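Q: Chain by chain, the residues:
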Amino acid sequence: MIKNLSLFFLLLIILVILSCEKNSKEEPVYKPTPYTFDIPFAFPTKMNIPVNNPMTVEGVELGRFLFYDGRLSGRTHPDSLMSCGTCHIQANSFEAGSNHPVFEGGFVHGLTGIQTQHVMLPLINLVWNQSGYGWNGFLFNDNPNTNFRNLEDFVRIAVLAEDEIGGDTTKVKQLFQSIDGYPELFFKSFGSSSITFKNIEKAIAQFVRSLVSANAKFDRFLKGEEQLSSSELNGFVLFTTEEGADCFHCHGGGGNPLFTTHLFYNNGKDTVFTDLLDRFSITGNITDKGAYKAPTLRNIELTGPYMHDGRFSSLDEVIDFYSHHVKWSEQINPLMHHVLRGGVQLTSTQKEDLKAFIRTLHDEGFLTNPAYSRPDKFPDEQ
Amino acid sequence: MKRILITLFMAVSLVSCNKNQSKQETDEGNIIIEINHTVDGKQLETDQMIYTNAAGNKYLVSEIQWMISDLKLHRADGSTILIGKEGDIFYIDSDIPESMQLDLGFGVKSGDYTGLSFTFGMNELQNKSLRFVNPPESFMFWPDYLGGGYHYMKLNGKWINTDDVAQPFNFHLGIGQVYDTLAPKSSYVSRSACCTSAHCEGYTPPEKTMPIIGFIQNYFDVRFEDTSFSVHASKSTKLQLEMKIENWFKNPNIYDHNIWGGSIMQQQKAMKKACENGIDVFRLTVK
Numbered sequence: 001m002i003k004n005l006s007l008f009f010l011l012l013i014i015l016v017i018l019s020c021e022k023n024s025k026e027e028p029v030y031k032p033t034p035y036t037f038d039i040p041f042a043f044p045t046k047m048n049i050p051v052n053n054p055m056t057v058e059g060v061e062l063g064r065f066l067f068y069d070g071r072l073s074g075r076t077h078p079d080s081l082m083s084c085g086t087c088h089i090q091a092n093s094f095e096a097g098s099n100h101p102v103f104e105g106g107f108v109h110g111l112t113g114i115q116t117q118h119v120m121l122p123l124i125n126l127v128w129n130q131s132g133y134g135w136n137g138f139l140f141n142d143n144p145n146t147n148f149r150n151l152e153d154f155v156r157i158a159v160l161a162e163d164e165i166g167g168d169t170t171k172v173k174q175l176f177q178s179i180d181g182y183p184e185l186f187f188k189s190f191g192s193s194s195i196t197f198k199n200i201e202k203a204i205a206q207f208v209r210s211l212v213s214a215n216a217k218f219d220r221f222l223k224g225e226e227q228l229s230s231s232e233l234n235g236f237v238l239f240t241t242e243e244g245a246d247c248f249h250c251h252g253g254g255g256n257p258l259f260t261t262h263l264f265y266n267n268g269k270d271t272v273f274t275d276l277l278d279r280f281s282i283t284g285n286i287t288d289k290g291a292y293k294a295p296t297l298r299n300i301e302l303t304g305p306y307m308h309d310g311r312f313s314s315l316d317e318v319i320d321f322y323s324h325h326v327k328w329s330e331q332i333n334p335l336m337h338h339v340l341r342g343g344v345q346l347t348s349t350q351k352e353d354l355k356a357f358i359r360t361l362h363d364e365g366f367l368t369n370p371a372y373s374r375p376d377k378f379p380d381e382q
Numbered sequence: 383m384k385r386i387l388i389t390l391f392m393a394v395s396l397v398s399c400n401k402n403q404s405k406q407e408t409d410e411g412n413i414i415i416e417i418n419h420t421v422d423g424k425q426l427e428t429d430q431m432i433y434t435n436a437a438g439n440k441y442l443v444s445e446i447q448w449m450i451s452d453l454k455l456h457r458a459d460g461s462t463i464l465i466g467k468e469g470d471i472f473y474i475d476s477d478i479p480e481s482m483q484l485d486l487g488f489g490v491k492s493g494d495y496t497g498l499s500f501t502f503g504m505n506e507l508q509n510k511s512l513r514f515v516n517p518p519e520s521f522m523f524w525p526d527y528l529g530g531g532y533h534y535m536k537l538n539g540k541w542i543n544t545d546d547v548a549q550p551f552n553f554h555l556g557i558g559q560v561y562d563t564l565a566p567k568s569s570y571v572s573r574s575a576c577c578t579s580a581h582c583e584g585y586t587p588p589e590k591t592m593p594i595i596g597f598i599q600n601y602f603d604v605r606f607e608d609t610s611f612s613v614h615a616s617k618s619t620k621l622q623l624e625m626k627i628e629n630w631f632k633n634p635n636i637y638d639h640n641i642w643g644g645s646i647m648q649q650q651k652a653m654k655k656a657c658e659n660g661i662d663v664f665r666l667t668v669k
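Chains as they are written, first to last, in the numbering used here: chain A, 1 to 382; chain B, 383 to 669.
Because the hints were derived from the structure by calculation, they are not lab data. Predicted model only: the values in this text are computed from it and were never measured. It is possible that some hints are incorrect.
[Stated by the list, open to error] List time: in silico DSBU-like cross-link candidates among lysine-lysine, alpha-carbon distance up to 35 Å:
hint	chain 1	residue 1	chain 2	residue 2
1	B	K632	B	K617
2	B	K440	A	K269
3	A	K327	B	K454
4	B	K617	A	K327
5	B	K454	B	K617
6	A	K355	B	K632
[As the list claims (entries may be wrong)] Non-contacting residues of chain A with respect to chain B, defined by C-beta distances greater than 10 Å in every case (computed):
hint	residue
7	Y68
8	Q174
9	T287
Quick reminder that beta carbons are idealized off the backbone N, C-alpha and C, glycines included.
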C-alpha cells in the first residue's frame, strides 16, 4: 500500500512537472522587471503610485507605445488617428506649444474639432503630485468617486472626451488586440494577452509617471555643480523674496525643486469668476472661486499659452501681469499680498533677471530623452 | 499540506506569543495632543472677517501652518524626556485634519508628569535647508537668501486696512536678517528702482530691500511647567494644545497690520515683536 502510494505521488509529481514545462514552452513567462526610480537630488521620496499599478520596465515600455500610437482613437483611417502624443509633445515639455502647425497658438482640439475647455498642462514630474491632477485637481487619491482618482483615470477620460480623442474604450481594446505584437506586450506587462482597457490605462499611466525632469541648470546649481550668471542669481533672489517677485510660496524654489506645490490658488487675474471648471467646482468652497493649480515652472518657456485659459501668450506678459496688473477680489489668495499695489512692481531689469532665472529651469535632457520619445517603430512594424 | 499547516500554526503562535510578551512587560503608554486653533476663546472659523485684534484691526484667518520641535515631557524631579529622537518635528496644518492630532505613539514611560515643553520652530542646528524633501513640510522652506531652513509658521489672512479694503497679510515667521543700512542704493536687491514707477512716486526703499549681512534665529521655547498629567501603561493620555491666535497680536507688543503691512519675512523688527508675543499664545490642558 505504502509502496503504491509513493509510486502514485511520484507519478503525480512527474505529471505536474511535465505540464508545467509544456505551458512554459507555449507562452512566454510572465516575469516583469520592477521599474526603479533614482530619486533626484532634493526631490520628494514619496511618490504617487497606486498599489494596484506598480511600475515595471515592461509596463512603461508598453505605455510608451500606446501613448504615441494614433490607433488609441480606436480607428485606423489616417485622418482619425489620435493619441496622447498628438497633443502632448515631448519637445514642448509635453504640451502642444504655441508654435504648433495645427493647434494654432497652442489651443488644442479633439478629433471632432471641439476645443478643450482649458489649455494644456505639461506632463512633467507628475509622479510627485499628491494633491490632484488637472487644472482644478478633479482627480485626487481620496476621491469618494473611485473613477476620478489618478493618472489611470486621465487615460480613460482623454480617450472618451469629445474634445480630446473621442473614442470608445471597447473599440480601442479590440483594435489593439488585433494588432500584431501588442497582445504579447500586454502579457509581459500584466500577465494576460487578452487586452483590457484597464491595462491600457495602467500602461500609459506608468509611462507618464516615468517622465522626470531633474537636470536643468538650476538643478546642477543646487547640487553645486554649476554657477548661475549674476542676472540669473538676481532673478533667483527676486523669485524667492517677498519684497522681490515673491513667486516661491506657490511655485517652489530651492527647498521645493518641483517648482510647484500642486496646490490651488486664486492669483488675482480677474474680479468676476464665471468659469464653471475652477477649483470651486471641485470643493464647493467659496474661497476657491477662480482658483487653479499653480503649474510647475520647469520648461515653462515652451508651454504657452499661459494660465488655464491661455490668456497670456508670452512669459513677458505673465511677468507684467504679476508686476502691475494683479486685481483685487474677495477670493484672491492671501499669498498675493502685493495686490493693492497692482503687483510686485518689478523694474525692466528685474523682469529680465527674473526671466533669466526662470530659464535656468529649462531641461534640455528631458526634451530629448529617447526613453520618452516617439518610438521609431510600433509593435506591428518590428 | 500538513507541513504547511504546522508551519502556519507555529508562525501564528509565535506572533501571538510575541504580542503577549510585550504586553506583559511594557510600562509604556501613549500621549495624543489635540491641536486647537482659537480666536477669543472660540474655535477658529476660517475666512470669516469677524475678528478684531488688539490694535483694532478687523481680520480673518485663511490658514495656519506651523512646526514645533524638541517636544519634551517634564517630571517632578526636574528631569525631561525627549519625545522621539533629536530633530523630530511636528507639522500642524489647519488644512490637513490629520495633522491636528499629534500621536506620540506607545513609547512614553508611564508615570506622573508635571509639564511639557517644545520649541516653536526649530533651533539653528535643526533648521537646515533640504531637511524635508516631502510635502507638506517641504512647502515650508524658507529661502536660503533669507537665512534658509523652514518657516516656523505661515499664518495667512486679510485685514481691513485704513482704506477700508481687505488686504492680505502673510504673518510668516522664521530666520530673520540683519540688513546693511549703510550700503549704497545701487546695491539694493529689489524694488530699488520702484521710485521711478508711477505707483510709488517719492518712494524710499525700505530697510528690507538692503543687502543682508547676517541672520537672526527667532525660534523660542514654550514651557508648561505645572500642567500635571499621568501616563498609564497601554493607555492613551489626551492633552489639548491651544493656539490663541489673537495673542500673536497682543502681548507684550500690540501688533498693527497697518504698520507692518502684508509681508514680514524680511522685516526682523516685525518678526521679533511677533515672536515675543508668542509667550502666551499657547495653552495646554489635560482632557
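Q: Now tell me if each hint is right for this structure.
A: Now the hints, each set against the structure:
Between K632/B and K617/B the alpha-carbon distance is near 38 Å, which puts this suggested pair outside the 35 Å criterion. For the hint linking K440/B to K269/A, the alpha-carbon distance of about 26 Å falls within 35 Å, and the restraint holds. Between K327/A and K454/B the alpha-carbon distance is near 46 Å, which puts this suggested pair outside the 35 Å criterion. Of the pairs offered as hints, the one joining K617/B and K327/A is violated, with about 54 Å between alpha carbons and a cut-off of 35 Å exceeded.
The straight-line distance between the Cα atoms of K454/B and K617/B is roughly 19 Å, inside the 35 Å bound, and the hint therefore holds. A distance of roughly 41 Å separates the Cα atoms of K355/A and K632/B; the hinted pair therefore is violated under the 35 Å criterion. For Y68/A, the condition that its CB be more than 10 Å from all CB atoms of chain B holds, with the nearest at approximately 31 Å. For Q174/A, the condition that its CB be more than 10 Å from all CB atoms of chain B holds, with the nearest at approximately 41 Å.
The claim that T287/A lies off the interface is violated: its Cβ sits roughly 5 Å from the closest Cβ of chain B, which falls inside the 10 Å cut-off.
Violated hints, in rising order: 1, 3, 4, 6, 9; the structure is consistent with all others.
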